[in-house]
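Participant: Sequence:
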Amino acid sequence: MGSGLPIFLLITCLQVLVIAAVTDSSDLSALNAVKSNWKNSPPNWIGSDPCGGGWEGIGCTGSRITSIILTGMGLSGTLTGDIGGFPELQTLWVFSMFSCPLLSSTFMLENPVMSSSILQDLSQNKGLTGILPSTIVNLKKLENLFLIDCNFNGPIPDGIGSLTQLVSLSIASNNFNGPIPPSIGKMSNLSLLDLTDNKLSGTIPVSDGTRPGLDLLLNTRHFHLGKNQLTGGIPPNLFSSNMKLLHVLFDSNQLNGSFPSTLELVQTLEVIRLDRNSLTGPILFNFTNLPNLSELYLSNNKFSGSIPDLSGENLLTYVDMSNNSFDASLIPPCIMERTQLQGPINATLFSSAQLQSIILSYNQLNGTLDLGTNYGSQLLLIDLQNNSIGEFAQGTRYSKELLLHGNPFCQKTQSPDYCIAPQQKNSSYATPTGNCVARSCSAQQLFSPNCNCANPISGIMHFRSFSFSDFQNGSYYIPLQAAMMEAFKSDKLPVDSISLSVPLKDANDYLEVRLDVFPSGDYVFNRTGFSFITSQLNNLTFFKLPDAFGPFFFTLNTDNYFPGSNKSSNTGIIIGAAVGGSVLMLLLIMAGVYAFHQRKMADQAIQQMNPFASWDQNKANGPAPQIKGVLSFSFKELKKCTNNFSEVNALGSGGYGTVYKGTLPTGVLVAIKRAEQGSMQGKSGFKLSWTKRLGIAIDSARGTSRPSL
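Take the sequence shown: its letters are residues -20 to -1, 1 to 689, numbered as in mature numbering (1 follows the signal peptide of the UniProt record, and there is no 0).
Please note that the accuracy of each hint is not assured.
[Stated by the list, open to error] BS3-like mimics (lysine-lysine), calculated; alpha carbons at most 27 Å apart, straight line:
#: 1; residue 1: Lys282; residue 2: Lys485
#: 2; residue 1: Lys469; residue 2: Lys524
#: 3; residue 1: Lys580; residue 2: Lys620
#: 4; residue 1: Lys380; residue 2: Lys392
#: 5; residue 1: Lys472; residue 2: Lys524
#: 6; residue 1: Lys616; residue 2: Lys580
#: 7; residue 1: Lys179; residue 2: Lys485
[Said to hold, decoys possible] Label pairs and their calculated CB-CB ranges:
#: 8; residue 1: Gln394; residue 2: Asp471; range: 13 to 23 Å
#: 9; residue 1: Ser470; residue 2: Gln247; range: 27 to 37 Å
#: 10; residue 1: Pro159; residue 2: Ser238; range: 18 to 28 Å
#: 11; residue 1: Asn537; residue 2: Gln358; range: 25 to 35 Å
#: 12; residue 1: Gln394; residue 2: Pro459; range: 37 to 47 Å
#: 13; residue 1: Ser357; residue 2: Ile458; range: 12 to 22 Å
#: 14; residue 1: Pro459; residue 2: Gly61; range: 11 to 21 Å
#: 15; residue 1: Glu492; residue 2: Gly347; range: 33 to 43 Å
Please keep in mind that the hints were generated in silico from the structure rather than gathered at the bench. Only a predicted model underlies this, so the values are computations on that prediction, with no experimental measurement involved. C-beta atoms are modelled at their ideal positions from N, C-alpha and C, and glycine is treated no differently.
Hey, can you work out the whole structure from these sequences and the hints?
Facilitator: Right, here's the structure in full:
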């Protein structure tokens, strides 16, 4: 029993090593090839078994790598064509952290040839740059491709449309250039198409009978093509009544031509952004056919003619038609800055219950301003600066923000507050803390809403649309915060609390809100928690947005959340190698001891079974007689003599076993007895001394030599 325990332990250790080493060899080769082009990979990426070794950010199902989630890890380097070696990959998220600039010729996709089902996130790693390799088309099972806020460049591969399982394609905030591949139109399962903030050029592709186009994406809900260099008109046949579009965001391009009247066919539309283009002509459009429309951005174009009638849009909460060339007409309840409007203002303009802001600055409005007594309860801002208003009939005093600077009326007064040029200001809103006394925290730590000092994930939420203008009103952010916390808890992510602060509108009319996510159970996130949380913050389906907020994307502020990653990586490799070497040496020693023990037991058994064990064959004299001319044969030779103990050569059997006829190499016939397994006959007899054996033989001879009686 004493010797069995170490043997059992050794076998168990060896079995553990075999079971742990389960990573599929092709997946391992692909991952090693990709990893070889990266710097700052996670410090525990050592050894040769990502699945069994618990590599950070690597998830497996069986022996196949099914997820790679490395968002915001500070990775740098290139993504080579080896990424095409993950055929089972289903999701690839690559959100940049600070420098994705090195990812060059290839890119990791979900469901490539890696047989992984999910390669989920490399986003927020701005050190990753380069082109999106053409081998991406090998990832036939890819469902989600996210490459957000990195430094990828070059054209989008023409064959990307062969990824027909894609549900989400988001490559926003990179440097991709060239045209939008028409083959994207073959992605019949696509729900999200987000190409925002790149350098894409050319026209918007539509099908023509010989090639596909975006008009074939009937299941797509999001067309996000803003902040590119797209040219040409918006094709009329891009839209149809069979579509399910919610958002059409084509802002900040170089599009020209007329307003696409076929938009009214897509009755599911909620947000339209065509601002900051060069669209011209009148807007001949019946907006009443869009019952769900809540936000309309048409500013900074060259529209002319009559202002669109929006009176039937009951859900419309935000309209911006500023900086166009509309004809002078009655002023609709919307933002109409720099639109060459003329004439007096009707007091009914201010009575709409939905309006939060009226911005009519830089026009030619004149006459007497009368706000009336029935202005909307939600109206928080009236901006009529730089017009030609000569009088102000105050009536019931308006207590919210009123801006009249730059009107002749203000030159006649003693400069009341509303005649003073406003100063640029940022919102002071921030998520309040609990009932506790604030205290100072160490460097890189912040005081959380739950009164703890911790190192949060910090970044900016960029909302591409929103339907309110009072950025200091906390009632808009409370439901947003609650929805996010509920999603974090539902996914069992290690989040203690979140803070929203400093909301402001950027130059593209995107709403920016600072977000701090605080860890639960510790003062800092580990790498796994960090990656999962940052990747989910760019997942539009992660939580349901409140009605006041439109689609968004998230970028990290955190500069090197895991400092000293290179050093820790080297330390991890050294420690891992030392531990691995020690374990291997221990196993070798145990194996050596086991082998020596087994050999010793075998020698003892042979010694006990050998009837000639006590003979010293090197001595001429001794208790054992030296028989001259006796030959010895190996077992191999005996097998050969008997044709491998063939049954044909069997002569008979006895107590000790079967006797076989054999032929020696010299041609001499011999009889060879082979002991049967388990036979114990004669075992004791072999231990008789030669003196005793000689005496028995002599007595037997004497008995046989006596004459018969």
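Participant: Could you run down the list of hints and mark each one as holding or not?
Facilitator: We went through each hint and held it up to the structure:
Annotation: proposed proximity of Lys282 to Lys485 holds, straight-line Cα distance about 23 Å (limit 27 Å). Between the alpha carbons of Lys469 and Lys524 the distance comes to roughly 14 Å, so the proposed pair stays at or under 27 Å and holds. Under the criterion of a C-alpha separation no larger than 27 Å, the hint pairing Lys580 with Lys620 is inconsistent with the structure, at around 30 Å. About 22 Å separates the Cα atoms of Lys380 and Lys392, which keeps this hinted pair within 27 Å; it holds.
Annotation: proposed proximity of Lys472 to Lys524 holds, straight-line Cα distance about 17 Å (limit 27 Å). About 24 Å separates the Cα atoms of Lys616 and Lys580, which keeps this hinted pair within 27 Å; it holds. With a C-alpha separation of about 23 Å, the suggested pairing of Lys179 with Lys485 holds against the 27 Å cut-off. Between Gln394 and Asp471 the C-beta distance comes to about 59 Å, which lies outside the given range of 13 to 23 Å.
Remark: the range hint 27 to 37 Å for Ser470 to Gln247 is upheld by a beta-carbon distance near 32 Å. Range check, Pro159 to Ser238: about 22 Å between beta-carbon atoms, so the 18 to 28 Å window is met. At about 33 Å, the CB distance of Asn537 to Gln358 agrees with the hint of 25 to 35 Å. With their beta carbons about 43 Å apart, Gln394 and Pro459 fall inside the hinted range of 37 to 47 Å.
Look at Ser357 against Ile458: about 20 Å separates their beta carbons, and that is inside 12 to 22 Å. Under the hint 11 to 21 Å, the C-beta atoms of Pro459 and Gly61, about 45 Å apart, miss the expected range. Checked against the hint of 33 to 43 Å, the pair Glu492 and Gly347 passes, with Cβ atoms roughly 38 Å apart.
Hint compliance for this structure: hints 3, 8, 14 are not met, and every other hint is.
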